[in-house]
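Residues per chain, in single letters:
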Amino acid sequence: MMEGNAAEAGFMSAMLAVLVVCMGSMFLIQAIPDANLSEDSPDVEDLWALVDAAVVSGERPDIKELSMILEAMVDQKGVNGVSLELRPALPLMERKTINAGMMEGLRDSSVRTILFAEEGGERIPYFLTLAVWIDV
Amino acid sequence: MYDRRGIANITDALLFIIIITVVASLLIPFGNDAEVHEDIEEVHDLLLATELKIDRFIPGSYGTMSLYKLLILSHSDDEIHGAVKAMCEDLLDSLTPKGYHVSWTVESGEEQHLIGVETDNVHITSVRDISDDGGIITSKLTLSLL
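Line by line, the protein sequences give chains A and B.
The first sequence begins at 1 in this note's numbering and counts up one residue at a time.
The second sequence begins at 137 in this note's numbering and counts up one residue at a time.
Note that these hints are calculated values from the structure, not bench results.
In this text, a Cβ means the ideal position worked out from N, Cα and C, and glycines have one as well.
Sample of chain B residues at the chain A side, in silico, Cβ under 10 Å: (1) F152; (2) E178; (3) L182; (4) E187; (5) L227.
Could you build all of it, start to finish, from the sequences and the hints given here?
Here's what the structure looks like:
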């Protein structure tokens with residue numbers, strides 16, 4: 001009887017250990033990407049706010065205006081470089097990429113799909129990919 | 137007083153269920169139905185809001201038209217209808233989340249226009265009714281697991 005209780009306790013301890021390891025892994029998986037970033041550096045989502053100001057109208061933004069916005073991003077502390085790609089969802093349409101600063105450091109990026117009104121009245125979805133290189 | 141063996145078995149079973157749940161959530165981090173639902177609604181919005189120059193399909197024509205209207209109105213001309221369908225397929229391919237197969241059906245009256253191939257393995261569906269001069273147009277977008 002005593003041996004049975006000891007075996008049960010051992011089994012339960014092993015199960016608890018597995019549970020703790022699993023939960024620890026989940027925590028680490030979520031925490032590691034943020035742990036690499038400097039606390040002072042803006043992340044890609046912070047920088048989207050600046051792009052949003054230019055694209056909110058629904059008109060395809062002017063490349064010069066976007067270039068100035070990207071230059072302003074590079075001036076922020078910890079940001080080495082920024083890149084914005086505008087890729088139409090339809091084939092045979094020109095894609096545009098704007099770069100500012102140096103593409104060095106830790107890269108973070110995200111994609112948004114936005115419908116732009118083109119000259120001539122067309123309304124076409126574009127994939128906007130914003131990438132940022134920051135100090136580690 | 138208590139059946140200690142029985143309590144231990146229940147505890148073991150509960151622990152086992154918790155561990156399986158945690159492991160499953162680790163293994164399927166991207167299978168979030170709520171996100172996929174948001175994605176399909178966003179794709180549907182973009183499809184219905186896309187407007188193209190008629191000149192792309194009928195050279196010399198003036199003006200723009202919604203993609204779904206072009207699909208409906210071009211049905212009488214096989215060549216133009218084929219070009220519109222090809223454009224719809226390209227757009228659907230671009231907008232569809234990775235790992236899914238997509239089909240889009242536009243119904244107007246008794247006419248039905250299908251883009252892509254319908255499968256039995258439908259994962260999620262989005263249906264919209266659009267009021268039009270000629271009645272109600274129904275747009276149905278389905279995502280199936282590959």
